[in-house]
Amino acid sequence: MTATLPATTRVVAAPARPSRLPVRAAQLVAGAVVLAALVHLRIGWSDLAALPGALGHYLVLMFAHPNWAKLPYALQQTWVSVQMAWVGALLGVVVSTILGIPAAQGVSPLWVRLPLRGLFAVLRAVPEVIIAIVILTVTGLTPFTGALALTIGGIGTHGKWTYETIEAVPTGTAEAVRAAGGSLLEVARWGLWPAAAPELMSLALYRFEINVRTSAILGLIGVGGVGDLLTGYTQYRQWDAVGVLVIVVVVVTMLIDAASGAIRRRIMGGARTRVVDRTV
Amino acid sequence: MTSLPVPRRPRSWPRVAAVVAVIAAITAVTVTPALGGIRVDLGAIARNWHYGAHHLAQMAQLDFSILPRTAKPLLETLEMAVVGAAVAAALALPLSLWAARPTNPGPSRRAVRAVLNVVRSVPDLVYATLLVAMVGVGALPGVLTLVLFDLGVVVKLVSEAIDSADSSYMEAGHAAGGTQTQINRLTAAPQAWPAYGSQVLYSLELNVRISAVLGLVGAGGIGRLIDEVRGFYRYGALAVIILEILVVVIAIEVASNVLRKRLR
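For the record, the sequence lines run as chains P and G.
Residue 44 in this note's numbering sits at position 44 of the first sequence, with consecutive numbering throughout.
Residue 63 in this note's numbering sits at position 63 of the second sequence, with consecutive numbering throughout.
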């Protein structure tokens with residue numbers, strides 16, 4: 001069709017485009033910061049140019065002929081890591097539930113909430129590896145140390161999620177229970193728990209998924225598990241064994257994620273979905 | 001007035017009991033050394049708790065003499081975090097469009113998602129350990145680690161945001177005869193922009209946390225200093241460094257929260 005619209009007699013002036021100046025300025029500042037950081041880091045261009053070759057070389061060393069003889073040992077140590085993750089998640093969730101509920105607004109007064117929230121914030125900032133370094137003077141270089149480090153490290157984030165979840169529960173039911181003469185315990189049982197439980201259980205499983213990843217890291221300081229092996233084989237540059245370990249870690253992590261994810265979807269099934277912007 | 005029979009309460013206890021039993025069984029296996037479980041040694045805590053308490057007490061005696069030395073490594077940590085987030089952000093936008101159904105109806109979507117699932121399932125310090133062994137000590141393996149880690153997070157969440165975005169704009173683009181590239185550029189990308197910006201800022205926050213420990217395996221930043229003061233048992237200095245990281249992390253978190261509110 002080539003028919004054109006009849007020319008209008010009066011042209012209404014289009015409104016002026018909103019100013020893009022603040023956005024442009026922000027983009028400029030961000031770009032400048034990135035550029036300055038990049039220049040100041042002084043990453044050698046020759047290193048960068050050699051990078052693809054080096055990566056390819058080591059990937060071939062790792063995965064061309066994986067040393068499958070190491071598989072049973074790798075699986076055994078991975079199992080230790082998973083156990084650390086499970087025990088750490090269980091203890092961590094129990095403690096953070098106990099500490100997280102009083103930290104929620106509307107449950108307890110400010111002088112209880114603030115110290116608890118401060119504690120969570122501090123624990124969030126301390127990496128698990130550092131926590132493990134302090135704990136290992138108590139329980140030694142054992143997987144139990146790893147589990148305790150995961151417990152304490154997990155309290156920071158999980159405590160925060162717990163009070164955020166409880167604060168997000170609509171207050172109507174709790175008020176109804178209170179109006180019907182319910183005690184604090186009954187308010188918690190019938191007003192808060194049914195609404196918060198699915199989310200809390202889902203988060204507990206998510207904590208386990210995160211711990212599976214973190215437990216592999218904790219092995220780097222020697223508390224056992226697959227991270228221990230990985231550091232050892234990497235230092236001795238036994239790349240064929242490292243390849244097997246990486247494959248085991250990836251497969252086990254993905255299997256656990258898939259299983260846990262399926263259970264979480266089942267728990268939250270029918271519930272509203274929302275953008276979860278918390279990932280680790 | 002007839003009374004209606006009250007429906008029976010649904011029986012939920014068998015399911016609850018089953019769930020509790022499964023959790024108890026897994027826990028029992030994981031804490032029984034005879035079955036290869038880990039040894040929960042409460043006796044050790046009772047015997048040795050004072051060592052830990054002693055270290056905490058040492059940490060409480062803050063040693064501020066380390067402060068001047070932290071400036072450079074801390075700056076390096078922040079620079080690694082910024083560069084890592086920026087490189088990941090540049091790679092993440094096309095990959096997100098590639099990994100989402102509305103913007104890439106073809107079968108190559110699955111391949112991208114599978115690769116990213118694998119990338120995401122390797123822990124950050126494992127990347128750092130391997131990359132340090134591959135390309136040598138320094139900031140480069142650290143930045144690479146952060147890029148890989150951020151890509152996994154950002155592409156997953158942004159492509160999911162595109163998947164659940166309002167599809168009518170893209171349908172309008174199709175109806176107007178646009179090619180997939182035009183539709184992606186003019187309808188999908190603007191819609192994904194807030195989610196993308198928010199995730200990039202979030203990955204910057206995570207980067208600051210992660211890059212603090214990357215130095216432990218030789219990948220640059222303040223972690224190297226942490227490793228050093230730990231080696232000399234300077235726990236007061238260690239506490240100062242941790243506090244410094246805490247301040248920086250909280251500052252970045254606050255700034256990024258403000259920016260993210262603007263994005264929504």
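By construction, these hints were calculated from the structure, which means they are not laboratory data.
Remember, it's a predicted structure, so these values are computed and weren't measured experimentally.
Mixed in with the good hints there might be a few duds.
Unchecked claim - Listed next, the in silico DSSO-like pairs over lysine-lysine satisfying Cα-Cα at most 30 angstroms (straight line):
no., chain 1, residue 1, chain 2, residue 2
1, G, LYS72, P, LYS70
2, P, LYS160, G, LYS156
3, G, LYS156, G, LYS261
Broken hints, by number: 1
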